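> Could you slot chains B, C and D onto chain A? The hints should help.
Spelled out, the chains give:
4 protein chains.
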Amino acid sequence: MSSTYQGRLTLSIFGQSHAPAIGMTLEGLPPGELIDLALLQQFLDRRAPGRNPWSTPRRESDAPEFLAGLVEGRTCGVPITAIIRNENTRSGDYENLRQVPRPGHGDFTAQMKFHGAQDVAGGGHFSGRLTAPLCIAGGLCLQVLRRRGITIAAHIATIGGIADAPLDPVNLRQETMEGLVRLEFPVLDAAAGEDMKVAVEEAKRQGDSLGGIVECAVLGLPPGLGDPIFDGMENRIARLVFGIPAVKGLEFGAGFAAAGMRGSEQNDPFYMENGRVKTRTNHHGGVLGGITTGMPLVFRAAVKPTPSISKPQESVNLCTGEAALLEVRGRHDPCIVPRAVPCIEAAAAIAVLDALLEQESYEHWEKGRGL
Amino acid sequence: MSSTYQGRLTLSIFGQSHAPAIGMTLEGLPPGELIDLALLQQFLDRRAPGRNPWSTPRRESDAPEFLAGLVEGRTCGVPITAIIRNENTRSGDYENLRQVPRPGHGDFTAQMKFHGAQDVAGGGHFSGRLTAPLCIAGGLCLQVLRRRGITIAAHIATIGGIADAPLDPVNLRQETMEGLVRLEFPVLDAAAGEDMKVAVEEAKRQGDSLGGIVECAVLGLPPGLGDPIFDGMENRIARLVFGIPAVKGLEFGAGFAAAGMRGSEQNDPFYMENGRVKTRTNHHGGVLGGITTGMPLVFRAAVKPTPSISKPQESVNLCTGEAALLEVRGRHDPCIVPRAVPCIEAAAAIAVLDALLEQESYEHWEKGRGL
Amino acid sequence: MSSTYQGRLTLSIFGQSHAPAIGMTLEGLPPGELIDLALLQQFLDRRAPGRNPWSTPRRESDAPEFLAGLVEGRTCGVPITAIIRNENTRSGDYENLRQVPRPGHGDFTAQMKFHGAQDVAGGGHFSGRLTAPLCIAGGLCLQVLRRRGITIAAHIATIGGIADAPLDPVNLRQETMEGLVRLEFPVLDAAAGEDMKVAVEEAKRQGDSLGGIVECAVLGLPPGLGDPIFDGMENRIARLVFGIPAVKGLEFGAGFAAAGMRGSEQNDPFYMENGRVKTRTNHHGGVLGGITTGMPLVFRAAVKPTPSISKPQESVNLCTGEAALLEVRGRHDPCIVPRAVPCIEAAAAIAVLDALLEQESYEHWEKGRGL
Amino acid sequence: MSSTYQGRLTLSIFGQSHAPAIGMTLEGLPPGELIDLALLQQFLDRRAPGRNPWSTPRRESDAPEFLAGLVEGRTCGVPITAIIRNENTRSGDYENLRQVPRPGHGDFTAQMKFHGAQDVAGGGHFSGRLTAPLCIAGGLCLQVLRRRGITIAAHIATIGGIADAPLDPVNLRQETMEGLVRLEFPVLDAAAGEDMKVAVEEAKRQGDSLGGIVECAVLGLPPGLGDPIFDGMENRIARLVFGIPAVKGLEFGAGFAAAGMRGSEQNDPFYMENGRVKTRTNHHGGVLGGITTGMPLVFRAAVKPTPSISKPQESVNLCTGEAALLEVRGRHDPCIVPRAVPCIEAAAAIAVLDALLEQESYEHWEKGRGL
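Protein chains in written order, with our numbering: chain A, 1 to 371; chain B, 372 to 742; chain C, 743 to 1113; chain D, 1114 to 1484.
Chain A extracted, bound-state conformation (with noise of 0.2 Å):
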């Protein structure tokens, strides 16, 4: 089903950009996990639109209410509701977004698969929008992690071509990742995300947008976690991580780059340090048969330019057959690259914890298989 992930963790989202509430229901927290509502809503906020010149000048407040599953801060351990109201509902202005849809958007295939039923209202149940919800469960799946000593930290790789320094697959220190998620702009290479600020206000300047890679990382995994198959940790990533909208493509380790490589160079080799195995590179970014070996798990998305932008552009109206001049008015993002960053953290954090329950459920058996 289209709008509920599957697994130790059921998360199911739901809404749309103009309806009365947007939310998520999460099930399989386990009980009694202490979860704090001020940390969630800092997590939220990297997210929320309207907070610097780079997003758009919409603000929204996004403040989840918890409906259940929350007694006196703690996990109950039955189902997780929580919703946030949207504010600006049925405002009218989309209907003709029924008949000329919009380049790069949902607008002509929901006109496709639900015959004219979808709500049209700010791209409906597709609206970037939906990508709140999926931060609640992501935000409170994080906290439960970080008390586990896991930490996860994405940052902007690139805007419009411009490049961050790389995280260090190898050596990467937990500093660097508490540092990056306290950044309202979070690179590593502060000139360069000051290039990019500037090639995102240019491209807002000619009513246009520019797209980005996130990269994200995810440290102090046990080994073991995920499975063959169909449910490795890139398995569970890639479900999660492409139910943003946006993200185009996606990459574990060295990525397409390994796809370069000689088997000698992309291999990494073992060796043992304080008792424990590690990697001389990590060009297997933390992965291997869809199970984590312990060293850093990192990824990275595309991200393409916002869709909505202000040029016109050429669409074609439904109803008649003729071509149609668009012009997308209102107040876009330029960029979202920025708030991408806590929805692929989000994303990270679900498939993760879903991973680390399962395998739970198998430590605990160790004792007295039959020996």
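Heads up, a few of these hints could be off.
Heads up, simulated EDC-like pairs for lysine to aspartate or glutamate below, C-alpha to C-alpha not over 16 Å straight-line [claimed, not checked]: (1) D:1424 to C:1007; (2) C:1020 to D:1427; (3) C:1053 to D:1378; (4) A:311 to B:636; (5) A:278 to B:693; (6) B:649 to A:314; (7) A:278 to B:685; (8) D:1391 to C:778.
Per label pair, the in silico range of CB-to-CB distance [claimed, not checked]: (9) B:691 to A:178: 51 to 57 Å; (10) C:910 to D:1443: 32 to 38 Å; (11) A:317 to B:549: 31 to 37 Å; (12) A:174 to B:544: 52 to 58 Å; (13) A:198 to B:532: 32 to 38 Å.
Quick caveat, the hints were computed from the structure, so don't treat them as lab data.
A quick note: this is a predicted structure, and the numbers were derived from the prediction, not measured.
Think of the CB as a built atom: it goes at the ideal place given N, C-alpha and C, for glycine as much as any other residue.
The following block gives chains B, C and D in isolation, referenced to the frame of chain A:
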């Protein structure tokens, strides 16, 4: 669960490289579908090793035996199970892999996950051999799709950095697709193909291996297949493609290149031709909002170089903690990219048929929804 | 996952008795279906308490708020979420239930499962109140089914051993079905109904409670819905009906009585009438091999007496280990059987629509399977 | 999907009565579990036909061949696949069943569902023979459970209305359980057992058949297994038990009798014994709120009389629409209840291990939830 893909179709893959057999159970194919077993075998032969200089000289017949689900050459509506017997089982040469894991393989992570209970022989359930059952399932789906006018074909986009001509994502022709699946070494530019073969030969002489990129296209798709959020065509394909060992990256349409484009470039303008909505460019790769547009669906998967190389490699003895120099003997593929081609097609076929069957149930409901 | 039913329809139920809200998300309803909210409310009112002498005097409005999935009164193809706000939350009277569990309730087992983190107020997620979201989902499905000529109705077959006349499983009439759903106290034999009410009154006076049996029928089913083995109509209905607290048994057709019959009696002879295959008797209850025959689908569910009684009961203090005498105060239903009737209908509606949607996707494939 | 049970364990059952083989794939058993194949065969022999006067004289060996998932007698953590070859395949005697369906069988409904593409031979995928793979899966689970102190046994509660003594649901003893599984005709009261056999013999002479009730108990369960709403122990067991053809009813604890009790009777008082919470009576059948209490879990399944009888029966020719008199020839069980006993135990074992594995993953999380 690790080895089960669950959707409108349910695919369960079982077996280990040196177990008595490998195989698959596929549930959900419509009843009464004619299956051409000779055509299926031709498809499986494209994956089978030992047929040409650029793959391993190990020769495996890989002839599936159908245990259930077919009656007189047709699907009978219940699960289809097919197995392939393993010829060389329990060789005993593999026991030291439990102690000294091969770089780039799943030996170490399987040990971490299964605490020594894993089947180490030939990689066990992690072996590339498990892509044979994936190809049985995919081969069945391809025949069902073909009958509905949907064709799937892939080519070797690069090997060792040498690039084939790209597929034309806008004006892709049926003949191009049919030509590719007939080629032993599927490339569009024969000269590039020859260069690739030379590069593979050279890597082989050096005891090394090469990786590459496979580009796959689906032609003839109706618009409207797939879903928003977690069951988009990208998510479905990703879950299956990352089930192929050695895949490290996946991108749709313009993919990672989209990250460097401007919105005005990346957005594909809509127009109408012969009553069908098309796009002038196809940077979206045939999918918008997780749903097919009807344009060719195009994606690329990065395949890492075969981790089995004969060059000595640094590893560690998990029992003693001492460094160990490992030489992987045996007959290995210097480059698995050509054999990965039908695997990628198989993964795409399963994802596409899954989405098509799901959508069909809605189509039927069109009439009389209570107007 | 506990609170998610996953099939062609996905239903997620969330909330606790004293949380801010209870609710449900239903995925998979076809797009464009007209939803009559007044009709839905009528259905929900049949479950709501406080409307007559035989249910609890607690009055809850149980008016659902739709947060997502409906646009101008129609399904828009994406998840539908509806919530009901809880009026009396966090009363604080319940804390001692963590220590002294009520016999017949889930207090003790929730404590064992969630180790004290569970929400104890009013039974939390285990409360019978959680059948309200089930009824929202079921009420939506009933409207979709009704439009396709499928009707579902149940009656009180027994209360406290007093039996209503049985439904005629062979010649069940549409009028009978429609009559039942209009009754406040749905019985076929009004005199038996009066006796039941008297018995409930008497039990109430004694601070005690009564159980009963609900018999449910589905009329207008096409033959061919459901599947062999784990997804037969029985399995689907069972998974949903046992989701209603207090249900202790379930039987289809002749049910437990079939165990005492001979094959020659139990087998229902086939015959043809007006071009349709029928059976002369209906001991099979409309399902053979997990699949509908087209005869009325008939099943019965045993509902235990309300565990909340005002008579003193023996329990134990989980902290001190000492015996404790428990008196459950508050306003409770002396018999929940009448309120269970729409819940059973709801469960049946979800199961039937789930199977119908799944079957539709095959029907469409009839043509051209490659003859 | 019809033939896949999906939970913490995933069970896929495949095959048809006259296909080359029947079998099962079971995913999720912990790695390293010792499997005693001789013990498994003993369990399967209890289901196998042809061993005594009260079952069919058809003799099938039913020896499973393990294709995958076991290494040197232990689970290796990946899917376990086992098959049983069918000895008598494609007899050709069955073709007329496509036209004249047998009363009480799935012939008619399979025809309606699969539109003539179904495998008619011997009932195909609907055959009772498909309970053999269920017993393989259940037999594996029983061994894993046994090692953790959990025992499962069932007895014939009634045949043809003749009743065995009931299991004592409060003081059920380990010896009683062990005694039952050793009996060829598992009853507690040997005299009642003799009467049952006589009744079966008589029905057989008359070309007729008998049904009965199987009562099953699970001993040694920890409290806390199972979930509220859709994944209670009742729902899990129901989904599996209704997967056994011929089961028409299922009840837990007092079951349908609970419907006639008062709350003060039905509620089981709690008390403490040797530091463990127990109940004085066990009308709840070991499950409250879907979760185990630690008391014996007791349920009963109603098994209809074998539909295959040699007496002539009324049916209809689906092609011509004419009435047809059907005589089912061949060697059939006059009563399948004794052979259903291990099937019911197998279903219970899978459900219980499924819930146990799920719960284990929480247990481990107890420590450090951030107090």
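> Honestly, which of those hints from before does the structure not fit?
Hints 8, 9 not satisfied by this model.
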